[in-house]
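A.B. asks: Guided by the hints, dock chain B onto chain A, whose structure is given.
Number of protein chains: 2
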Amino acid sequence: MFVTHLSCPKCSTTYPSERLTQLCACGAPLLVAYDLDQVAAALKKERLKERAPTLWRYLELLPVRDRANIVSLGEGMTPLLPLPRLGRKLGMPQLYLKDEGIIPTGTFKARGAAVGVSRAKELGVKTLAMPTNGNAGAAWAVYCAPAGIEAVIVMPEDAPPIPRGECAISGATLYLVKGLISDAGKIVAQAVAEHGWFDASTLKEPYRIEGKKTMGLELAEQFDWEMPDVILYPTGGGVGIIGIYKALTELKQMGWVSGPLPRLVAVQATGCAPIVKAFEQKQAASEFWEGAQTCAFGITVPKALGDFLVLEALYKTEGTAIAVSDEELLEASALLASTEGTFICPEGAANLSAAVKLRKSGWIGANDRVVLLNTGSGLKYPETVTVQPPVLMPGDTLPA
Amino acid sequence: MFVTHLSCPKCSTTYPSERLTQLCACGAPLLVAYDLDQVAAALKKERLKERAPTLWRYLELLPVRDRANIVSLGEGMTPLLPLPRLGRKLGMPQLYLKDEGIIPTGTFKARGAAVGVSRAKELGVKTLAMPTNGNAGAAWAVYCAPAGIEAVIVMPEDAPPIPRGECAISGATLYLVKGLISDAGKIVAQAVAEHGWFDASTLKEPYRIEGKKTMGLELAEQFDWEMPDVILYPTGGGVGIIGIYKALTELKQMGWVSGPLPRLVAVQATGCAPIVKAFEQKQAASEFWEGAQTCAFGITVPKALGDFLVLEALYKTEGTAIAVSDEELLEASALLASTEGTFICPEGAANLSAAVKLRKSGWIGANDRVVLLNTGSGLKYPETVTVQPPVLMPGDTLPA
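Line by line, the protein sequences give chains A and B. For the first sequence, the working numbering begins at 2 and goes up steadily by one. For the second sequence, the working numbering begins at 2 and goes up steadily by one.
In isolation and in its complexed conformation, chain A is listed as follows (with noise of 0.2 Å):
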């Protein structure tokens, strides 16, 4: 393992990293440093495509100390599809979609489980706790059985529904609350203080984002090492934007990639929108969004913890933040399914709305090559699609 030490991106403090460890004294997340040289000489590049297609095919620049710990479920490289029909229709025909559908409980939320849990699992976690908005909770929740964690799960009643049998089925204890995430996570925090228990919340242990951060390894890996232009990601707690800027300047370190990175798009819904609010206030840190509500449930989260990395990584990228209502990004959906066969979550369409008026601004070009990160499988939202079938008797016939 390369991994050097913890260091906090507000207070620079750092922690050693074989011992269990949430917040920086001072409050801010910790990130997982690593010896970037040290990983640059035991591994080429070149060598990588002779590994299997999962996440840990990038094992020295993750933190799992011993390979017996790993609990995985064959996550990760994610299929990277061009979408040329629905490129050449919006005016941008280097379009493509990196599909997180294509993974163990159908969203991106298993990377940083399957990462976040094996490392747990390495550091003696026997049970953990977090809020969720759903997909996160199931993930965790699945990952903790195989590594015989036991997993306290809570989610807003309003959430959708799967999640809570995925949790179920693999053994989790889940509770609901009439609240948002935001109320979900004081009651995991007090509970957490008062039973001991590990907290797995967003950002509040260091090795989730590393899960995160093979999305940005693995589009490196797909475009043969020259970066795309833009990337969009839909945005509620920003581990996946946070992750996908540090695997690209680990890689720029690293001289594995070069030249200016991707710019980065956070993309949030109308109803919830308090990156975009500070962006365009050119602020360091978001507010608190009062009455938080959209159909892209994933990214109704009205404080990040990390929302200062978020806007950090936006800015230093030359990128920037939007936010697109839930009709737009249902019909995006619609649109995405009917032109290129892929069937995603509101989340994901987000980005595909969001690009549209990019393009129609100018702020993409041409001749841009643009990603749409898709966090999750369109088959976990059942319910944003209205269908209502002839019902036929044995014997009917089909109009032609």
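Honestly, the hints are just simulated from the structure, not real lab data. Predicted model, so just to flag it, every value in this text is computed and none were measured. Possibly wrong hints are sitting among the right ones.
Stated by the list, open to error - Here are the computed distance ranges between Cβ atoms for each label pair:
(1) B:TRP226 to A:CYS27: 49 to 57 Å
(2) A:GLU281 to B:THR398: 37 to 45 Å
(3) A:ALA42 to B:ASP36: 46 to 54 Å
(4) A:THR398 to B:ARG89: 50 to 58 Å
(5) B:PHE224 to A:LYS358: 44 to 52 Å
(6) B:HIS6 to A:GLN39: 51 to 59 Å
(7) B:THR22 to A:PRO85: 28 to 36 Å
(8) B:GLU332 to A:PRO162: 16 to 24 Å
(9) A:GLU319 to B:PHE224: 45 to 53 Å
(10) B:GLY28 to A:ASP230: 50 to 58 Å
(11) B:GLU51 to A:LYS283: 46 to 54 Å
Claimed, not checked - Example chain B residues on the side facing chain A (calculated, C-beta under 10 Å, incomplete):
(12) LEU32
(13) ARG52
(14) PRO80
(15) VAL153
(16) HIS196
(17) PHE199
(18) LYS381
(19) ASP397
Claimed, not checked - Simulated pairs of lysine-lysine, DSSO-like, Cα-Cα distance not exceeding 27 Å:
(20) A:LYS46 to B:LYS45
(21) A:LYS50 to B:LYS50
(22) B:LYS304 to B:LYS179
Virtual Cβ for every residue (Gly too), placed ideally from N, Cα, C.
C.D. replies: Relative to chain A, chain B alone:
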């Protein structure tokens, strides 16, 4: 392309492969024949690892002439997961799950659709129709969208609801029928005759099976070209088991694998077990199963067109056929998820119940390498999990 012709496994009549063809004149399904010597000369198996992790890595063994006709959503190279914890518990230390839940549309049906639709596009199909228990129809609808093919899908009203949404959002024309897949099949046969559509019913066109075949190719590659001892497969229409048998037979002819083929096991539900009944009576074909019913809806097929091919695969590999109850398979699903973390579909879970029975009877030995082929994700069957979590108010506390 190395396809030489189409061939009838029943009467040996051959047909050219460059013309749209449905069944043999004798009524049996047609199989695709390749010049396997040429394939073996053109492709070294060691080169495969340089290719992208999709089923198209086996292009030389697939029926597409022009790559431009390939419609792909990144399907294939699904994980082969060791199940060490469950295996120890059940006295099968070499137990594996081939997880077809991690694929576009969430089921193995994506394979048949990707290859079948690509070939249909290549041969000029404009409209196709098919009866389905849900997932095959959804997969064909999804792949038809980027192919520019109109899809007409007919499924039982009792089929699980999620595939309806997949059909609708992809722009397919969907009908429900108050009956079984056999009733849907009659309606499609009538419509195809009247309107001149292409009939994409199971085994009524020769190419779907070529897509399913790639499960066998992947298994061989993932086991490093050593075949496992036993493969259990949930059997409805039977295309998967026929495909795996065809794949391994082709690989053997090419000299890529050697030794006896794995013993193939057709797993059915006690509520619909025509293949099991035929196998027990040593018949060459099955009889229509009256009053078919099981929660493993995908295998509710009262009489499969390819039943004789399934039975031949069982007899020739010294395999077997076995039925399990709905109660047993739902229990197996929960056992798997809580032990290994994987949430699979009821059809896939039936394999686990079957493996337990066959281990107890001694048919499966302690040293056998046993593969459970899970055909789809549990996410498409949320109704199979019962969950009644406690509902909290903001500020509530959690018990230890």
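A.B. asks: With a cut-off of 10 Å on the beta carbons, see whether PRO80 of chain B makes it to chain A.
C.D. replies: Where the cut-off is 10 Å and the nearest Cβ of chain A is about 2 Å from PRO80 of chain B, the hint holds.
A.B. asks: Would you check whether LEU32 of chain B satisfies its interface hint, that is, whether its CB is within less than 10 Å of any CB in chain A?
C.D. replies: At 27 Å from the nearest chain A Cβ, LEU32 of chain B fails the 10 Å test, so the hint is violated.
A.B. asks: Within 16 to 24 Å: is that where the Cβ-Cβ distance between GLU332 of chain B and PRO162 of chain A falls?
C.D. replies: holds (22 Å)
A.B. asks: Are THR22 of chain B and PRO85 of chain A spaced within 28 to 36 Å by their CB atoms?
C.D. replies: holds (30 Å)
A.B. asks: With a cut-off of 10 Å on the beta carbons, see whether LYS381 of chain B makes it to chain A.
C.D. replies: Constraint on LYS381 of chain B satisfied, holds at 6 Å.
A.B. asks: Is it true that the C-beta distance of GLU51 of chain B to LYS283 of chain A lies inside 46 to 54 Å, as the hint says?
C.D. replies: holds (47 Å)
A.B. asks: Could you see if the CB distance from THR398 of chain A to ARG89 of chain B stays within 50 to 58 Å?
C.D. replies: holds (56 Å)
A.B. asks: Quick check on the hint: ASP397 of chain B CB to chain A CB, less than 10 Å?
C.D. replies: holds (6 Å)
A.B. asks: When you check the alpha-carbon spacing of LYS50 of chain A and LYS50 of chain B, does it fall within 27 Å?
C.D. replies: Holds, because 7 Å separates the two Cα atoms, which is no more than 27 Å.
A.B. asks: Does ARG52 of chain B hold up as a contact with chain A if the rule is Cβ-Cβ below 10 Å?
C.D. replies: holds (9 Å)
A.B. asks: State, for the Cβ atoms of GLU281 of chain A and THR398 of chain B, whether the hinted interval 37 to 45 Å holds or is violated.
C.D. replies: holds (39 Å)
A.B. asks: Per the hint of 45 to 53 Å, is the separation of the Cβ atoms of GLU319 of chain A and PHE224 of chain B within bounds?
C.D. replies: holds (48 Å)
Comparing the model with each numbered hint stated earlier shows that hints 12 and 17 do not hold.
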